[in-house]
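**Q** Sequence order for the protein chains is A and B.
This note's numbering applies: residue 38 is where the first sequence begins, and numbers increase by one.
This note's numbering applies: residue -19 is where the second sequence begins, and numbers increase by one.
Derived from the structure by calculation, the hints contain no laboratory data.
Using N, Cα and C, we set each Cβ at its ideal position, and we do this for glycine too.
Treat the hints with care, as some may be off.
As the list claims (entries may be wrong) - Pairwise CB distance ranges (calculated):
| hint | chain 1 | residue 1 | chain 2 | residue 2 | range |
| --- | --- | --- | --- | --- | --- |
| 1 | B | R(-13) | A | R41 | 46 to 52 Å |
| 2 | B | L195 | A | R41 | 50 to 56 Å |
| 3 | A | L262 | B | A33 | 37 to 43 Å |
| 4 | B | P259 | A | M48 | 54 to 60 Å |
| 5 | A | G266 | B | R(-13) | 27 to 33 Å |
| 6 | A | V180 | B | A169 | 42 to 48 Å |
| 7 | A | L242 | B | A222 | 46 to 52 Å |
| 8 | B | A47 | A | G147 | 56 to 62 Å |
| 9 | A | P177 | B | G22 | 55 to 61 Å |
| 10 | A | V42 | B | A120 | 41 to 47 Å |
| 11 | B | A120 | A | W63 | 39 to 45 Å |
As the list claims (entries may be wrong) - Chain B is nowhere near these chain A residues, computed Cβ spacing over 10 Å in every case:
| hint | residue |
| --- | --- |
| 12 | F50 |
| 13 | E118 |
| 14 | T125 |
| 15 | F133 |
| 16 | L219 |
| 17 | A275 |
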Amino acid sequence: MTGRVLLTAAMLFLLAFLASPDSFAWLFQPVTRNNAPAIYSQTSLLSLTLSHLVLVGLAVAASTLVALVLAVLVTRPAGREFLPLARTVTSVGQTFPPVAVLALAVPIMGFGAGPTLVALFLYGLLPVFENTLAGLTGQPPNVAEAARGMGLTPWQRLWQVDLPLALPVILTGMRLTAVISLGTATIGSTVAARTLGEVIIAGLLSSNTAFVLQGGMVVGIIAVLIHEGFQMLERSAARRVGLTR
Amino acid sequence: MTARLDRPGLLFALIGLAGLVLPLVQFKPNRIVPGEGIALAGALPAGWPLTAALAAILLAGCLHWRAGLRLALALAAVVAVLLSLGAAATHLTPPDNTLARVAPATGFWLLLLAFALMLADGLARLRPSLILRWMLLGGALALVAALLASGALEGVSVMREYTVRRDSFLREAQAHLLLAFGSLGLALAVGLPLGVGIHQTPTLRRPILSVLNVLQTIPSLALFGIMIPIFGWIAATVPGAAQAGVSGIGVFPALVALFLYSLLPVVSNTLTGLSGVSPATQEAATGLGLTRAQVLGQVLVPLALPVMLAAVRIVLVQNIGLAVIAGLIGGGGFGTFVFQGLNQTAMDLVLLGALPTIALALVAGIAMDLLVEAASRRPKGDRP
């Protein structure tokens, strides 16, 4: 209960801060030096937040879609041959540092939002894929028996049994992807993507701690909200298929 | 060998053939300007026969072969691709020209990807034993070291960057390792007792885990940034701190930021591992007359070891990657090259920072996976 109150308070604070950052200047004034501005004003914080969220949203949506399709394909009889390979690739791929992936995308994509989107997309594929795979392959054999006994076609079984049962685990994968992407997108500003990282980097370059703090604060609150939001979805998805979690 | 097509092999062949057609290298008059792409066939005197040989391996991969044979072919092809990159660089660079650069291009990466996938697929099908996998890891490392030491890749742009700044590369490598392993050590020193503590006193679990959870969501860039003024303040106010080397920029802020990120995996996995031990085992241990400390040290911790080692894997791989960001706040490490390179749009320099980081994370991840597997096997005593 206290958790929910805190979350609501954090969300209201975030909205108020984004709507009128200047009213919160007093909060950041103590950490500025030499009369440096307390609030980043080069670009409006609201528009940076929105473009940050759009970037992360696009990447998460795209990687979820592709990862779901791939996971379904490798668990069908026709794609079974790819299963061992897919497992190896996901576990190896996840050791690739996101920052390095981002840096390597620059020579191919140039500067701007492009490389960030590609890096977030590629990096986001793995948690969703891994979790979908676990959800689709980890079901007790009697579920498959029951579905066959009911006369479901493979396609019906996928839609009506397997995917709903795997949904909580899939959502966990999406949560991991979303939270990692949110943090990694800030680094995208080093390659000129418009994200809240711009504020943090401006702070680092001009040694203005106020900028670093407000950029980090906005991303941090959003990350906590997304994290909790997904957990709520996971719980309700688990309840719907009768798994108590 | 049967006539039936091998579907993964077909995929690798598609990727690899695209790699043969696309430019293997980029020839650039100097390190900043974009260059012209040259495919394998045109990049070497023996370009055409080599292209044909690689294409043959790719096509042969579409048929069913014994896994061991595929593995050997894929390995040979990976080495061939690396060597032809080096040879192309030496061949294309005009003599006495110190400005021209030959950088790996799309074709090279696709070829490497195709054969690496073939290799991984062969390995996954072979299901090698644990000992064999350790030997394979060691062999792969030795092979890479031999390739680098042989000077065959000397002409490639990344290696040229390396030759120019050998000293700073070694310094940053040291800094990177210090950041990754130092923060891991700190996290273990603090996180293990903390995990044991919240296992013994359940009321503390929720508050401590929530705080660590929130820490984890702070974007890395911001956490590194916030550490700078904090350490600057400590250096300025705490007597003796500045003399001990603490300062707002440098290795300390980065180390502490990485340490904070590492706490959650260590603490939560310690808790999970300890909670996973069945109550019956604990009761049996108590019944044998062991004290609480003995139960913890001789029963609980050994049984929880695999889960704790899994935490070490998560932290190590994560910190090797995140340590790159230290380069942005003057904390050293391979990130220094990555961000310098991005600033100067010198992609060879970016590669000089990114490739060792990826290699380090990869090796650490694989080695830790093997350790976790070895540890989770031991208690049962049934080695296959």
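**Q** May I ask which of the numbered hints given earlier this structure violates, with the numbers listed in increasing order?
**A** Numbers 2, 3, 4, 5, 7, 8, 10, 11, 13, 14, 15, 16 - these are the hints that the structure violates, sorted from lowest upward.
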